[in-house]
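2 protein chains.
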Amino acid sequence: MSDTADFALYGYFRSSAAFRVRIALNLKSIEVELHPVHLLKDQHRSETYKALNPQALVPTLTHNGQKIAQSLAIIEYLDEIRPDPPLLPRDACGRARVRQIALCVACDIHPLNNLRVLRYLRHALHSDDLARNDWQHHWIAAGFDALETFLKDSGETGLFCHGDVPTLADVCLIPQMANARRIRMELADYPTLLRIEEAAFRLPAFVQARPENQPDAE
Amino acid sequence: MSDTADFALYGYFRSSAAFRVRIALNLKSIEVELHPVHLLKDQHRSETYKALNPQALVPTLTHNGQKIAQSLAIIEYLDEIRPDPPLLPRDACGRARVRQIALCVACDIHPLNNLRVLRYLRHALHSDDLARNDWQHHWIAAGFDALETFLKDSGETGLFCHGDVPTLADVCLIPQMANARRIRMELADYPTLLRIEEAAFRLPAFVQARPENQPDAE
Chain B
1 MSDTADFALY GYFRSSAAFR VRIALNLKSI EVELHPVHLL KDQHRSETYK
51 ALNPQALVPT LTHNGQKIAQ SLAIIEYLDE IRPDPPLLPR DACGRARVRQ
101 IALCVACDIH PLNNLRVLRY LRHALHSDDL ARNDWQHHWI AAGFDALETF
151 LKDSGETGLF CHGDVPTLAD VCLIPQMANA RRIRMELADY PTLLRIEEAA
201 FRLPAFVQAR PENQPDAE
Chain G
1 MSDTADFALY GYFRSSAAFR VRIALNLKSI EVELHPVHLL KDQHRSETYK
51 ALNPQALVPT LTHNGQKIAQ SLAIIEYLDE IRPDPPLLPR DACGRARVRQ
101 IALCVACDIH PLNNLRVLRY LRHALHSDDL ARNDWQHHWI AAGFDALETF
151 LKDSGETGLF CHGDVPTLAD VCLIPQMANA RRIRMELADY PTLLRIEEAA
201 FRLPAFVQAR PENQPDAE
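Keeping their order, the protein sequence lines are chains B and G.
Counting in the numbering used here, the first sequence runs without a single skipped number right up to 218 at its last residue.
Counting in the numbering used here, the second sequence runs without a single skipped number right up to 218 at its last residue.
One chain only, chain B, in its complex shape (with noise of 0.2 Å):
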């Protein structure tokens, strides 16, 4: 089946919140039309861009007029009206796992390294690249870490965050480790991640959501 008309996304290809809802389209082979909306060029500012997504940031999915931004509600969204293959456990205590490593991603995080964020640094706060790049580690290494020792030690973990299937902390997970690498972070700290963005990098879905794969890359 063919819904490439009733799929938009609009992303940026180095944004992660994208890449996030990027491998949920391609696990659950939805095929989508990708609208490029370049950060670097200020095109998530312009009023267009403005009239789908008031917040002004990336992404944004439209799905038959409906217009939804926040890259977790739109892979709940996409998991409720395409449930198979599941991004979430059946069970509450399950679901609520996943959803914990989700957020300590998506809220703890990746905010605070956003594009917004190390403009206002700069340009409000004039840190320098030193400052800026310790900032964006620092942050990365307090989740990295948390996420870490929860993992390890946890017996739900399987090949991936939850089990031997990815899940939403598993598509939140590995856009994080991306942008760990590309400010060339020391990762050997993180064996259990390692492993597992390992598993999720034997999977296309996973492989082709990458940045570098995407139509708007540099």
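By construction, these hints were calculated from the structure, which means they are not laboratory data.
What you were told as hints is all true, and nothing was included just to trick you.
The list treats identical chains as interchangeable, and a pair is accepted whether it falls inside one copy or across any two copies.
20 Å max Cα-Cα, derived EDC-like pairs, lysine to aspartate or glutamate:
{"no.": "1", "residue 1": "K67", "residue 2": "E148"}
{"no.": "2", "residue 1": "K50", "residue 2": "D153"}
{"no.": "3", "residue 1": "K50", "residue 2": "D145"}
{"no.": "4", "residue 1": "K41", "residue 2": "D216"}
Fit chain G to the given chain B structure using the hints.
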């Protein structure tokens, strides 16, 4: 039915993430044992607390041996195990809309103004009181501007963010407004948010969850 022994909430009166969970528990009439974790005394960084929550952040909910961190994961869990009254609408589009609003607060406003971030700004970036105050105002305004536009222009906004009953969206919005008031932000530009706040504080579930009404309030 009393289930005091089943549910325990580790939080801090002033944490707006804990405030969200208190509102959700109250809306669902779930009795809970409160365990204050004093953030300014660094109790969240103790080994005992980190065994509950490796991120060393509040809140954490325990329920029948299950430990759940991340306020939104906790609230979705509560909504699944105690569905009445629901905190998410029944339709996928409505659920996406409510989650989008909630995540706008929980990802893009709150984590930037967290205690740990303000401490980093002060100690690592040597930002003064004025710069930190500007920082807080800036991120709240960015989020509230988007939310006001989104809610004002939408036919789905009712007495509350989504229709006429409180949802996860209001559960996130109201504590963020309390934070804005605490730093004396001018809120006159947000008439829709103010109207929703007024509706919320007509409900005891919101009033009783306020920071100043907690046993550990100072």
